Amino acid sequence: MAPDIPGNPPPNAVPDKSFLLIASEADVMIDDGVVFKAFIFNGTTPGPLIVVREGEVVEIIIKNVGGFTHGLSIHAANTQTSKFVGNIAPGSEGRLVFTADFPGVYMYHCAPGGHGILTYTLAGMYGMIVVEPKKDSYLLERTLGREPDIKVYLIQHEVYLNGRDFFDGKAAYVMFNGKVFRYVTEPIHARPCDYIRFYFLNVGPNHVASFHAVGGIWEYVYQGGNPANMAMGLQTVTVGPTDSYVIEWRVPDEGNFLIVSHAFGTQAIKGAVGIIASSSNASVQNVIYP
Amino acid sequence: MAPDIPGNPPPNAVPDKSFLLIASEADVMIDDGVVFKAFIFNGTTPGPLIVVREGEVVEIIIKNVGGFTHGLSIHAANTQTSKFVGNIAPGSEGRLVFTADFPGVYMYHCAPGGHGILTYTLAGMYGMIVVEPKKDSYLLERTLGREPDIKVYLIQHEVYLNGRDFFDGKAAYVMFNGKVFRYVTEPIHARPCDYIRFYFLNVGPNHVASFHAVGGIWEYVYQGGNPANMAMGLQTVTVGPTDSYVIEWRVPDEGNFLIVSHAFGTQAIKGAVGIIASSSNASVQNVIYP
Amino acid sequence: MAPDIPGNPPPNAVPDKSFLLIASEADVMIDDGVVFKAFIFNGTTPGPLIVVREGEVVEIIIKNVGGFTHGLSIHAANTQTSKFVGNIAPGSEGRLVFTADFPGVYMYHCAPGGHGILTYTLAGMYGMIVVEPKKDSYLLERTLGREPDIKVYLIQHEVYLNGRDFFDGKAAYVMFNGKVFRYVTEPIHARPCDYIRFYFLNVGPNHVASFHAVGGIWEYVYQGGNPANMAMGLQTVTVGPTDSYVIEWRVPDEGNFLIVSHAFGTQAIKGAVGIIASSSNASVQNVIYP
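Chains as they are written, first to last, in my numbering: chain X, 76 to 365; chain U, 76 to 365; chain B, 76 to 365.
If you are wondering where the hints come from, they were derived from the structure by calculation, not from laboratory data. Each hint should be verified, as a subset may be incorrect.
Note that identical chains are pooled: a pair holds if it fits in a single copy or bridges any two copies.
[Stated by the list, open to error] Listed next, the in silico SDA-like pairs over lysine to any residue satisfying Cα-Cα at most 25 Å (straight line):
no.	residue 1	residue 2
1	Lys210	Met305
2	Lys158	Ser354
3	Lys158	Asn356
4	Lys158	Val359
This one's a predicted model, so the numbers in the text were calculated from it and none came from an experiment.
Start from the sequences and build out the full structure, keeping to the hints where you can.
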């Protein structure tokens, strides 16, 4: 191991944080009457949100309680991972330790080795891990002198009817956080002036997302979620599979603001639409989890 | 309303500029013998170009003289829009006022609410609005000390044969500014050394464009058209649906320079090709409108 | 010609470097038992790597020894090219001279004029030309005070079964450097701490690549390969057709690190996967050619 390369854990490091991912299989409802025979982490697709802070030593335990071989690829780790968690047989477990040296918004997903890496993602076995940068790193937070009012951790992901459609890039459903049109059915509540930070991750596995709000211009965006990669004043961000953005935006007024992947035919109309419902006396949930 | 958030109009503001968009339906010729049963603004698809200056208070009136419900989403506005122009019944009209606080190149499109937002774009009901930044904001303009010789407002857009192809992302035609191979049939004339500024907008609704010139390297590009987001020396820009770029380039010599979306199979061969025809004694049109 | 525009050659310039491209047609093996009836430069698809240095005057001779009309579009050239090498009949040749004023990673491809420009790329007739910037231009090279240990020139490209699939964007094979799963069969060897520089070019002609390493975070990336366009700490880069990146990364440890286009269904599973095989006593090849 190369100790001076960022990402590697120090020898015999004691983890600052530890997380347990339990791999298995289950039927998951992604819409009324629509059952997805999914591969899952901790009972859901997407799997649980993991949040750590830049510089922390992170331990991930993966246990396979399912009937198939599983594994893990964790994009926040710049260190050897395949050797430790790349192939976990049913009934077995693996352990990975890394240092979260790169701030950003990352995908993790099942990676049992070989072609399984590619098709297990098709099966819904993925989630988001966020490495929070050192305090006050994002510009709007520095300018306003406060944390966001609402943090929205938003995963865009696709479900296919069969392998042929997966090869051809023809998703049947495209979702935000696990359900078709989820935030149309259950809008995200906000108040005028609320400072929202989106942690937007497109896990794909195929489509290029274009994340936009009707009535909104993203004030600041950060490619990969890294504060060093800022652009400003954008109507959308173009986000390939496993690409991500942190987006800062304040709600300008009352009323509904649609959030949508602006690829209308291949994505939005298949479920990648939601609503930010703004009113002055809204009861606000401060964190929206995948 | 939150007065300190950029984009909201001041109370009782008198508009600096006002625009009228008339929504209806019509048959439009997009190629010899090819009729597109389109939804349109002001008689054409794409609709009229709107240009304002950063900081101006802008009024948009939309009148529906057609037989279907129409509406408006205007990406240059960071303010509540759906409430005012989101759903305009036949015979009705709506009015939106906003402050153009974010410089850039934006899409506007019909947004009658619900699934119509997605499918009306399929029907050709969109256009470009440009918010010009404060004077001398783009680098080549500052360096040369003069305005561009030619401003090319260029919309890339797609037409589908049916809803199934729209879902599957299989466009039948991909065009620059309303006609298949338009600027092959009627080239854009220029002279060597001419300073061209492209306002390139991909309205999609599905494909990711890759805008390139044969014999050209883009000297400076600005994501979203915002002067703050500059990159330099690029053979192409990758532009998702409703993403945009301002591009600065000088014509290096005489002869033809093809402009093209370099996604050759899914886009260029379906019509997204044009010609910059350069000769020293060319008669030049200073603005190319959509 | 406009002498003060970067890219044009000076009058009567003596080339610093000269390259010969021989255009023809041949059957090429892209996998065991898979024959691709290709159009080729210098006997292979992709064609030969061309490397020049920023500021050099470059001469390209193209000879057509095949049975079809060929030609050349060379994206590193900001000068009139179509007139000189745009259409080369069988048995003929052409000559282009330009100054390599824009550092970066570029595509070249056959461009015989008309629709052939689009379909000859389908036929495999393309390659990479790199314009190396002035010394020490990339950040990791400056920081470490040395050249990369391994330069990987990596072209992602697609093969289609027929024109219909080409229009529809449904590739049959997606490859790195000419063979399906090439670097799975013949891994790229490295040692822990090795400083790798990828010159990644997506020639398409259709798909948007997402280039990622399992167990790796790209330390620095440069859009188009231009040192001025840096971003840092990214799990992937989203790369449209003819877009490119220079990527700097150090191998964190021993073991296998997969490189992959993270568009799993449309690209990776069709061949766009490779392995960086790291071990302390590896015998390393310092340059990986397309």
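Cross-check of the supplied hints:
For a Cα distance limit of 25 Å, the shortest separation of Lys210 from Met305 qualifies both inside one copy, at 16 Å, and across copies, at 23 Å. Taking CA atoms no more than 25 Å apart as the test, Lys158 paired with Ser354 passes between copies only; the shortest distance there is 13 Å, against 51 Å inside one copy. Only between protomers do Lys158 and Asn356 lie at most 25 Å apart by alpha-carbon distance; the minimum there is 18 Å, versus 52 Å within a single protomer. In this assembly of identical chains, the alpha carbons of Lys158 and Val359 lie at most 25 Å apart only when taken from different copies (21 Å versus 43 Å within one copy).
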